[in-house]
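**Q** With chain A held as given, fit chain B onto it using these hints.
Protein chains in written order, with my numbering: chain A, 1 to 297; chain B, 1001 to 1258.
Please keep in mind that the hints were generated in silico from the structure rather than gathered at the bench.
Every value quoted in this text rests on a predicted model; they were computed, and no experiment measured them.
Heads up, some of the hints might be wrong.
Unchecked claim - Label pairs and their computed distance ranges (CB to CB): (1) A/Thr-275 to B/Asn-1103: 29 to 35 angstroms; (2) B/Ala-1252 to A/Arg-291: 41 to 47 angstroms; (3) B/His-1227 to A/Thr-275: 54 to 60 angstroms; (4) A/Asn-11 to B/Asn-1040: 38 to 44 angstroms; (5) B/Asp-1125 to A/Met-247: 39 to 45 angstroms; (6) A/Pro-12 to B/Lys-1091: 39 to 45 angstroms; (7) A/Gly-10 to B/Arg-1233: 46 to 52 angstroms; (8) B/Asn-1048 to A/Phe-290: 30 to 36 angstroms; (9) B/Asp-1141 to A/Met-247: 26 to 32 angstroms; (10) B/Asp-1125 to A/Asn-11: 16 to 22 angstroms.
Cβ atoms here follow ideal geometry from the backbone N, Cα and C, with glycine treated the same way.
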Amino acid sequence: MKPLLDLIVGNPLADRAVPQTGVTARLTVFVAAVMAFLAVIALAVSLTTNRVASLWADELAQSATLRLPADPATADALLLSALEVLETTPGISTVRALSQDEQQALLEPWFGPDLPLDALPVPQLIEIVADGEGYDADGLRARLEGQVPGAVLDDHTAWREPLLKAASRVRLIGWTVILLIGATVAAMITLAAQAALAGNVQVISVLRLVGATDTYIARAFVRRFTLRAGAGAIAGSILGVAVLSLMPKGDATGSLLLGVGFEGAEWLWPLFIPTLAAIVAFFATRAAAFRRLREQT
Amino acid sequence: MVALNAKVLRKRPPQTLKPVADLGRRAGECRGSAVIELDNVSYGYAGNALFSQLSLTLAPGSFHFLTGPSGAGKTTLLRLCYADLRAKRGKVRIFGEDAGALNRDAVAMSRRRIGVVHQDCQFLDHLSIAENIALPLTVSDRAHEAAGNLEELLNWVGLAPQAGQLPPELSGGERQRAALARAVIISPDVIIADEPTGNVDWEMSQRILSLLIELNKMGKTILIATHDLTMIRAAKSDVSARILRLKDGQLAQAGAEL
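Bound-form chain A, shown alone (with noise of 0.2 angstroms):
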């Protein structure tokens, strides 16, 4: 704890020792805080997409629709045995066919509000609501297969794996995104850094001279960097943190785009990203130090 104080506070007369370098300063805290900001959305999305995906694919997961052939001479009777095997299924919690209106809905937004549905061939859906346990897929379909023919089980693996799929690669574009930030906020450090050291030649020789060793050298431009570098990533993430909060709230079905955001303890994780800037700048900077004070005899 006392060395995390000792680089806040630090010694004003060692850091009086290098001059401050304005431009490379308000540069480093303007980087830090962009790339805290973009660290921040990125976050965000990344949460979202797993959020999102785990909601639609638990969602996916637990229903089924059976679709009945579209014969009016049979459709009841077709009905009324789909009933009864689905019903006497283990691993089926409920089962329920479509009203007419419902299966409007569903076409409408293809066919319009006036579709004449009674008079159109139009299939029955009934849906499937599967309990904890879940049922086995390719029994129910023997039986479905021998007891109503024509009805297509549909379980939405088809659906549900590209989904999971695409959403994983989501994250992991998200996660990718974020060490590249961190990535650029090291090297970005590491050049400020190094300009810093190469336009402070003469301060380093003279603190030599007098008996400075290159861990106090470098400690007051690992401190300054370190500080920049936080104070820039704190300002850049209560802006996203800011401007997620302003986003439009996603409703229960989980749209992805009216969702991007933190719940709950999500709202947590943009408390790290200044604490990891720092970290990286520490890092960054103190490497850079010293190599170049190696390299300076």
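**A** Positioned in the frame of chain A, the structure of chain B alone reads:
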């Protein structure tokens, strides 16, 4: 200028930084009898030998002048003495330690026992003269000792009125005296001065010389590189100094002709 209270330069608290073998000893406690010793040292630039197999021993409390023509290697020799350069061949021992084997921290520690006065002084121009003089204490985390010593040192070198000024605002002579005050504030065992009177008039050179002689009388080992023979002649009446001449890569005793 006023006389310097010897206590200012004599008190030396224990080394507070990383202990390095032998560097914490007083001048008289080092291995052998020399505070700095060059043993068959060779050095050159870009393949051209500046001097070779050169030997020099600085005994504790001794006073040496190093003379020679420009380009003879006086500054190089001084830099070898405070481990700013490493000998190509031969050995440099600083307080009994092989300078070639010292790590970077150990070199920094040894610098705290060697006060260096450069011809061009080398200050931090953004700090006041008082802060510059206190710099050796600041970098040693002993800034708290500066308060009393600094005031006395500023009076000693006659710079109390200029304490708050920046180095570029001072004259050449004032800068030289400030550099001398900075060199002695940490109470070093050895003071190495490179042309300390190079940029000042005769009167000022005498004042600086008298300060160095005063330090020598307090027990400090002094090594001055200079081509100012007048100053050497003036010093002979006040101090028992060895006069060395560096010429054509060889170091020889001089003095009789002076």
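**Q** For each hint, tell me whether it holds in the structure or not.
**A** Each hint tested on the structure:
1. Taken as a hint, the range 29 to 35 angstroms holds for the pair A/Thr-275 and B/Asn-1103, whose Cβ atoms sit roughly 33 angstroms apart.
2. A C-beta distance of roughly 43 angstroms is found between B/Ala-1252 and A/Arg-291, which places it inside the suggested range of 41 to 47 angstroms.
3. At roughly 59 angstroms, the beta carbons of B/His-1227 and A/Thr-275 sit within the given window of 54 to 60 angstroms.
4. Range check, A/Asn-11 to B/Asn-1040: about 43 angstroms between beta-carbon atoms, so the 38 to 44 angstroms window is met.
5. Roughly 52 angstroms separates the CB atoms of B/Asp-1125 and A/Met-247, a value that falls outside the hinted 39 to 45 angstroms.
6. In this structure the supplied range 39 to 45 angstroms holds for A/Pro-12 paired with B/Lys-1091, their Cβ-Cβ distance being about 41 angstroms.
7. A hinted range of 46 to 52 angstroms for the beta carbons of A/Gly-10 and B/Arg-1233 is consistent with their spacing of about 51 angstroms.
8. At about 32 angstroms, the CB distance of B/Asn-1048 to A/Phe-290 agrees with the hint of 30 to 36 angstroms.
9. In this structure, B/Asp-1141 and A/Met-247 break the distance hint of 26 to 32 angstroms, their C-beta atoms being roughly 51 angstroms apart.
10. For B/Asp-1125 and A/Asn-11, the hinted distance range of 16 to 22 angstroms is satisfied, since their beta carbons lie about 21 angstroms from each other.
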